[in-house]
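Undergrad: Sequence:
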Amino acid sequence: MSGPPPPPPPPPDPVSSDLRPAPPLRVAAPFPRAAPLRPPPLPPRLPPYRGRQIGAAPAGESGRGAAARPLADKRWTPPEMAAENKNAPRSRSIRVGTRKSQLARIQTDSVVEMLQVQHPHLRFEIVAMSTTGDRILDTALSKIGEKSLFTKELENALERDEVDLVVHSLKDLPTSLPPGFTIGAICKRENPHDAVVFHPKHAGRTLSSLPDKSVIGTSSLRRAAQLKRKFPRLQFKDIRGNLNTRLKKLDDKEDFSALVLAAAGLRRMGWGTRIGQILSPVDCLYAVGQGALAVEVRAKDQEILEMVSVLHDEETVLRCITERAFMKHLEGGCSVPVAVSTLLKDGQLYLTGAVYSLDGSDSLQETMQRNVNFSLENEDGPDDNLQHVGITARSIPRLAQEAAERLGQEVADLLLSKGAKQILSVARQLSSV
Numbered sequence: 001m002s003g004p005p006p007p008p009p010p011p012p013d014p015v016s017s018d019l020r021p022a023p024p025l026r027v028a029a030p031f032p033r034a035a036p037l038r039p040p041p042l043p044p045r046l047p048p049y050r051g052r053q054i055g056a057a058p059a060g061e062s063g064r065g066a067a068a069r070p071l072a073d074k075r076w077t078p079p080e081m082a083a084e085n086k087n088a089p090r091s092r093s094i095r096v097g098t099r100k101s102q103l104a105r106i107q108t109d110s111v112v113e114m115l116q117v118q119h120p121h122l123r124f125e126i127v128a129m130s131t132t133g134d135r136i137l138d139t140a141l142s143k144i145g146e147k148s149l150f151t152k153e154l155e156n157a158l159e160r161d162e163v164d165l166v167v168h169s170l171k172d173l174p175t176s177l178p179p180g181f182t183i184g185a186i187c188k189r190e191n192p193h194d195a196v197v198f199h200p201k202h203a204g205r206t207l208s209s210l211p212d213k214s215v216i217g218t219s220s221l222r223r224a225a226q227l228k229r230k231f232p233r234l235q236f237k238d239i240r241g242n243l244n245t246r247l248k249k250l251d252d253k254e255d256f257s258a259l260v261l262a263a264a265g266l267r268r269m270g271w272g273t274r275i276g277q278i279l280s281p282v283d284c285l286y287a288v289g290q291g292a293l294a295v296e297v298r299a300k301d302q303e304i305l306e307m308v309s310v311l312h313d314e315e316t317v318l319r320c321i322t323e324r325a326f327m328k329h330l331e332g333g334c335s336v337p338v339a340v341s342t343l344l345k346d347g348q349l350y351l352t353g354a355v356y357s358l359d360g361s362d363s364l365q366e367t368m369q370r371n372v373n374f375s376l377e378n379e380d381g382p383d384d385n386l387q388h389v390g391i392t393a394r395s396i397p398r399l400a401q402e403a404a405e406r407l408g409q410e411v412a413d414l415l416l417s418k419g420a421k422q423i424l425s426v427a428r429q430l431s432s433v
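Once you know that position 360 of the sequence shown is 360 in the working numbering, the rest is easy, because the numbers rise by one and skip nothing.
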């Protein structure tokens, strides 16, 4: 006797309009022609920092130890506010922790701008620091053998009350946070898809039109596993470093034909024109939380928690809850290829979840959906201690959050029943070698 019919697949995951290339979806407008065999330079001017670092390591300190020291920025107030009244009183200064990379600084500035609009009486001080993942650049992330590669130092500063909140890329935050911490806000998500940046000599191509044995650079096991399965005639090689470094490696040498990167990061850096192809979920499911910014705070700091909660975007929160629940139930992480695609439409939340072997030869993928169309009017008052996969969102219906979390668990359970644990166990062992 046959079981119930499988749930319908989710509608196509929307791509941000300003990143959407002309049909078909995966092909973007070709780059302008560059001089023969001479790669075009990176954009001459990057988006400026809103704040400027003024701290420095003490005399005689240099190298890795000095790089890890927090550097405080000048307190930043919007120019229009300063012009209105330079002597306007400020009740307190909020210290915002972030990584030192330019992308992290741009992302943090955007969050501070949103907070400043909502809380014009406050001042914000940016405190930048290096993390383990920033300092170890000669080893693949999966081989470092440590969780919280891009968050540990920031969380240590939060625990020591050196900062009041921390801005992260949500995909960097483990699904289980240290005791006493919570995600107090998740901002509206940028494009979560992966994008391909091609070497100038391959301008106008797509992955499917590259020559055989072309080398594609990526630091992600998830991307490599899916693309090896989809494009077996291409070769994939690990590449580390921040976006600036990786693009320079692509343009200045002949080692790589293309890089696969997060579309959101390229856009935030002002490099959307470098995108030659957006990968749809048919080609490559994306990472849990990719494209979303999260604000981590101390769970007992009710004042800060209330302050940042205005940044919550309900659709993004529900999608990220189900993605994180899926990852957590599978006990996944950066050392295993786990991928997702989500969509919220007409009160229905869709989740496609998948696991892969490192070479992409084995895979499991399932899609399910759940109703999340609930209202706060039908609920009792908010539970101040309630979290869903580390997220505190009192302004979003509790029943909707619970449904989103259950959806992630159900898709994970379905994959586990079909052998996902074995696939991930083998992948975890091989990735650490």
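Keep in mind that a hint or two might mislead.
Unchecked claim - Here are the computed distance ranges between Cβ atoms for each label pair: (1) K253 with R92: 21 to 29 Å; (2) V117 with Q365: 35 to 43 Å; (3) Q302 with G272: 33 to 41 Å.
What the hints assert, rightly or not - Here are the computed lysine-lysine pairs in the DSSO-like style, where the Cα-Cα straight-line distance is at most 27 Å: (4) K213 with K418; (5) K328 with K418; (6) K237 with K249; (7) K201 with K248; (8) K213 with K237; (9) K418 with K228; (10) K230 with K421; (11) K201 with K228; (12) K328 with K188; (13) K100 with K152; (14) K213 with K188; (15) K328 with K421; (16) K201 with K230; (17) K228 with K253; (18) K328 with K152; (19) K300 with K152; (20) K253 with K230; (21) K230 with K249; (22) K237 with K188; (23) K249 with K228; (24) K188 with K345; (25) K237 with K253; (26) K249 with K201; (27) K100 with K230; (28) K345 with K100; (29) K100 with K228; (30) K100 with K188; (31) K201 with K213; (32) K328 with K300; (33) K201 with K188; (34) K249 with K213; (35) K201 with K152; (36) K230 with K213; (37) K228 with K248; (38) K152 with K228.
These are computed hints drawn from the structure, not numbers from a lab. All of these numbers come straight from a predicted model, not from anything done at the bench. Note that CB positions come from ideal geometry on N, CA and C, so glycine has one too.
Undergrad: Determine which of the earlier numbered hints do not hold for this structure and return their numbers in increasing order.
TA: 1, 4, 14, 22, 27, 28, 29, 33, 35 and 38
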